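Colleague: One letter stands for each residue in the lines below.
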Amino acid sequence: MSTLTALAKAQAVAAGRAQPIATVRHAHISDMPLVFIPLTMAGEANAPLAVMVGTDEDRPELLIVPQPRDRGLRFDFAARLAEILLPYAEGFCSATEAVPTDRKRDVRYRYLDAPQIIVPAPAGIGFVRLFGRSTRFRRTDGDYPVLPTVPLLGRWLTFFADRAEQPGSSMLLSLTEMLSAHWATGQSGHEDAHLGSLVNWIAPPPGMSGAKAARLAEDPEVCPPAGPATDPGFDNDVLGPAMEIYRAASEGDDPEAERAAYRELEDLLRGQLAPTWELMWRGLRVMRSMPPGASVEARWAQDRDVFSDFSLYVQGGGAPQARRDGAVAAATRLHKLERAGQSYAIERAFDDPLIMAEHRLGGEAFVGEVTLSKPDRVDDTGKRPVLRPRIQVVTTDPVLFPEGTTLVSPSKPQQKGRVIFVTPVEDGGKTEVVLELSGGMGRGLRAPAGSVPEVGERITYTSLSLGYAPPGTFPSREETPWTHGGPPQYSIADDPLDQGDHAATEDWS
Amino acid sequence: MSAPGAAANAVVDAVLADLGKGSHRGVVVDSPPGAGKSTLVVKAAQVLAAAGEQLIVIAQTNEQVDDLIDRLATAAPDLPIGRLSAGDYRASERVQQHRSVTVGAKIGDVGQGSVIIATAAKWATVADGSWAWAIVDEAYQMRSDALLRVASRFSRALFVGDPGQLDPFSTVESARWTGLTWDPMLSAVSVLLRHNPDLPVHRLPVSWRLPPSAAEVVAPAFYPFTGFRAGTEPGDRSLVLDVGSARVHVPEGPDPDAVDAAVAQAAATGWALYELPARHTIRTDGEAAAACAALALRVLEAGAVAVSERSRDGAAVDASRIAIGTAHRDQAAVIRNLLRGTPGETITVDTANRLQGREYDVTVVLHPLSGRRDATAFHLESGRLCVLTSRHRHACIVVARAGIPDLLDAHPSTDPVHLNTAEPAPRVVRSASGARREVCPREQRCRTTPEAGKQDLDLDSSPGRREFRRRDAGRAIA
Chain A
33 MSTLTALAKA QAVAAGRAQP IATVRHAHIS DMPLVFIPLT MAGEANAPLA VMVGTDEDRP
93 ELLIVPQPRD RGLRFDFAAR LAEILLPYAE GFCSATEAVP TDRKRDVRYR YLDAPQIIVP
153 APAGIGFVRL FGRSTRFRRT DGDYPVLPTV PLLGRWLTFF ADRAEQPGSS MLLSLTEMLS
213 AHWATGQSGH EDAHLGSLVN WIAPPPGMSG AKAARLAEDP EVCPPAGPAT DPGFDNDVLG
273 PAMEIYRAAS EGDDPEAERA AYRELEDLLR GQLAPTWELM WRGLRVMRSM PPGASVEARW
333 AQDRDVFSDF SLYVQGGGAP QARRDGAVAA ATRLHKLERA GQSYAIERAF DDPLIMAEHR
393 LGGEAFVGEV TLSKPDRVDD TGKRPVLRPR IQVVTTDPVL FPEGTTLVSP SKPQQKGRVI
453 FVTPVEDGGK TEVVLELSGG MGRGLRAPAG SVPEVGERIT YTSLSLGYAP PGTFPSREET
513 PWTHGGPPQY SIADDPLDQG DHAATEDWS
Chain B
-4 MSAPGAAANA VVDAVLADLG KGSHRGVVVD SPPGAGKSTL VVKAAQVLAA AGEQLIVIAQ
56 TNEQVDDLID RLATAAPDLP IGRLSAGDYR ASERVQQHRS VTVGAKIGDV GQGSVIIATA
116 AKWATVADGS WAWAIVDEAY QMRSDALLRV ASRFSRALFV GDPGQLDPFS TVESARWTGL
176 TWDPMLSAVS VLLRHNPDLP VHRLPVSWRL PPSAAEVVAP AFYPFTGFRA GTEPGDRSLV
236 LDVGSARVHV PEGPDPDAVD AAVAQAAATG WALYELPARH TIRTDGEAAA ACAALALRVL
296 EAGAVAVSER SRDGAAVDAS RIAIGTAHRD QAAVIRNLLR GTPGETITVD TANRLQGREY
356 DVTVVLHPLS GRRDATAFHL ESGRLCVLTS RHRHACIVVA RAGIPDLLDA HPSTDPVHLN
416 TAEPAPRVVR SASGARREVC PREQRCRTTP EAGKQDLDLD SSPGRREFRR RDAGRAIA
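Sequences listed follow chains A and B, in order. In this text, residue positions in the first sequence follow the working numbering: the first is 33, and each later residue adds one. In this text, residue positions in the second sequence follow the working numbering: the first is -4, and each later residue adds one.
Note that these hints are calculated values from the structure, not bench results. As the structure is a computational prediction, the values presented were derived from the model and not from experiment. Watch out, some of these pointers could steer you wrong.
Unchecked claim - List time: in silico SDA-like cross-link candidates among lysine to any residue, alpha-carbon distance up to 20 Å:
#1 B:K117 - A:E370
#2 A:K368 - A:R356
#3 A:K368 - B:K101
#4 A:K368 - B:E168
#5 B:K117 - A:H367
#6 A:K368 - B:F164
#7 A:K368 - B:T120
#8 A:K368 - B:G281
#9 B:K117 - A:P503
#10 B:K101 - A:P503
#11 A:K368 - A:A333
#12 A:K368 - B:Y84
#13 A:K462 - B:G281
#14 A:K368 - B:S169
#15 A:K444 - A:E401
#16 B:K117 - A:G499
#17 A:K448 - B:D83
#18 A:K448 - A:G471
#19 A:K368 - B:T173
#20 B:K117 - A:P507
#21 B:K117 - A:R371
#22 B:K101 - B:Y84
#23 A:K415 - B:D83
#24 A:K462 - B:G336
#25 A:K368 - B:K117
#26 B:K32 - B:T173
#27 A:K462 - A:P503
If we strip away everything but chain A, and leave its shape as in the complex, we get:
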């Protein structure tokens, strides 16, 4: 936990209300997000029990599996879920926009919007990943055939789960993580994983402190767990007996009794899910009320790019994603994740002064006032004269940069400032920093108005840089070197259904 977050948590305790640790929203929130609350059955690995899903707060759809131990019922459930999720995702495959590529010599097209799934907690993302794995390899023929939409659903769920790993992507988000990234509460990180208490810390009902509202929400009778795990008390006292009644009824020959038992289960599970459903939309309203960060739009555009590519791949009958990454795929993926993580961290700091403040504490940035500015300074010591304005910034932040360091200001990312002098001022712990500027001022020897910080301007300089680095190159899969086992002998992606260890034959699937 960073120093500022620790401070905000202490303030939250004192104030009885969550404190913001971000001034802008760093995630995209769709106009039509799909809220998705899965529940699983205790004791069975990722066996779906129920899901409440929908894009309209007033019209949640409930799907249940009356007996999760029955694999047939599980895949019936998958088919019903596909009927909701696939049209939702495919609904975005309509209007496109042209994006210039290859230095404007070519264009590609991407969809104007993309699907977004919101689950309550990180474990919900885990459910999406595992349910995707158990469905994407299912066969539509043979011994236990499923509907063609089931493996298709698996591909989409896997796609969403993979995107959720990518820092800065907003295609599949967990609400508790998103809220915790923007608010500090007066409780521990573990307690923040409970959606009910987290939302109540941030947005308590009128006339109640956040701390008290959060404590009330800890009662599973009032606020059942947001899943996928269920409350053991509910499992033992309510769910278990109701399932037993359903089992007995389904083995008997009274269809009316079976329907009644099914409805009873539905009502019980709706009771467990409805409070979370309400919390999800409350939490989303909190997130929507924050203004988006400047780079959120660009990151969502990347999501739309990836979504456009994947929907084309699926429409073209693409194979399911490989069960595990090969040596080259693993290295490539790690490289992409690291790049995304790095730029996401820097973009957040550039978008948000409160996050930049963390870096100021760590000596990676300072904020100060411009006290001197020489915008027309020309350096003529080289072959030809170049415009090199100098400014002096006075700051009360500690300045740990050695002279010669290159800095940038988030307000002028195209311009670099080289540290020339760092002089501590005697009174009041201030520091004078002289910077020599280059770039972002056109080609001439006169700086255009506004391109050089003016005297009196308050400005941030940081060593964090969004500079472009070319992506790494990797050998092809067929060229996997001997140090990594050589080229793979077979391809899971080419023929996933012929592998001995694929999901379709796993006994849990």
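Model the placement of chain B on the given structure of chain A, informed by the hints.
Modeller: For chain B alone, coordinates are given in the frame of chain A:
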């Protein structure tokens, strides 16, 4: 026990013989701190070049590349050397002084037939060409995905590195690849040996850098299954102080007498602990930083003279022979600021990552767990403490807040256990002294060490080689 020199030479000869035979695609050499790793690399490069082999050298940082070039060009002035580098690289003095070195940004610029040296990151940008041999330096610092990107450039390779140092790391946390033999988060050597278990693995047995006082602590703490010994005997080296010298620069805070006492103890025994009262602090703990600066300055002002097998008459310990090591960059920056404007301004202050491979007479170490409320994986990483406490030829002074053992007890390891992975999960065993150790039983790979199992560990399977996490490593020093 044979003389340390003979034992070390025997290993080097065995390595060179393995290279000469060419019956394996790779040879791995493990080296404890200061065991002559660079000397071996230079020797191997000369032998391979003399045999007419096409050779490239892959190092991890530009600093390491320049070091290697300097050593190789000095040892073999007639050998043409190419230094492949980024476009904005300016050759350092060490490199410029050698006429046999050509610097270039592209393979075509550095000449045919020469030994080409570059960082792994630079080699990854070379798209074509294949050489008969590569020497991979600091291979344990290299992540396996970096090896994947450069491995097509060579047919055979010598991998040299220190298994006790910092493992490579990633900013991405993912269990996605756990258990895969090609997990990109693992070190290059781990992945290499998993796919090529028959490769010969040698170990250099003698540390020429560490004095006996350090070897007897560092070897059992960080190399419990292989160990090593010091190349010198107790009494071969000494650190002489001018005790009465004036205190000129005393940073505010630390008690000058306690500082003097710590420096004197370090000079006499090779180790000292400067303990601050227990307290939870922010990362840039001002008191601890001031203590680090004061200790280093005191060593300088006390006119320390290092007597060793290198200089029998003694050599002054100037600022270039002292280093301060920290866990975080901001801690180093704070200490550097304290030293500004003092005679200690040019003392090296850096993080463990950057101190890897470097050597000093005296080091001051800010303990990674000092003042912390929690013990995270980063701060528990035994390689970090190993690097920090194995950079010195004479003495090491550790600065820490009291309470580290309590912190270790209060934060048990909660790493998830993965089943069915190639690497068994660490388990806790108790040594004869009662100290708790987490060890990772693995197949024995070290063939040059018959005495490898000579540890006081209660192991029912053969001891492994590395990748153990020893929380008590903190206790060994604190």
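Colleague: The structure should be examined with respect to each hint, and the outcome stated for every one.
Modeller: Hints versus structure:
no., hint, verdict
1, B:K117 - A:E370, "holds, 18 Å"
2, A:K368 - A:R356, "holds, 17 Å"
3, A:K368 - B:K101, "violated, 26 Å"
4, A:K368 - B:E168, "holds, 13 Å"
5, B:K117 - A:H367, "holds, 16 Å"
6, A:K368 - B:F164, "holds, 15 Å"
7, A:K368 - B:T120, "holds, 17 Å"
8, A:K368 - B:G281, "violated, 38 Å"
9, B:K117 - A:P503, "holds, 13 Å"
10, B:K101 - A:P503, "holds, 19 Å"
11, A:K368 - A:A333, "holds, 17 Å"
12, A:K368 - B:Y84, "violated, 26 Å"
13, A:K462 - B:G281, "holds, 18 Å"
14, A:K368 - B:S169, "holds, 13 Å"
15, A:K444 - A:E401, "holds, 15 Å"
16, B:K117 - A:G499, "holds, 18 Å"
17, A:K448 - B:D83, "holds, 17 Å"
18, A:K448 - A:G471, "holds, 6 Å"
19, A:K368 - B:T173, "holds, 18 Å"
20, B:K117 - A:P507, "holds, 15 Å"
21, B:K117 - A:R371, "holds, 18 Å"
22, B:K101 - B:Y84, "holds, 13 Å"
23, A:K415 - B:D83, "holds, 18 Å"
24, A:K462 - B:G336, "holds, 18 Å"
25, A:K368 - B:K117, "holds, 18 Å"
26, B:K32 - B:T173, "violated, 31 Å"
27, A:K462 - A:P503, "violated, 41 Å"
Hints 3, 8, 12, 26 and 27, counting from the list given before, are not met by this structure.
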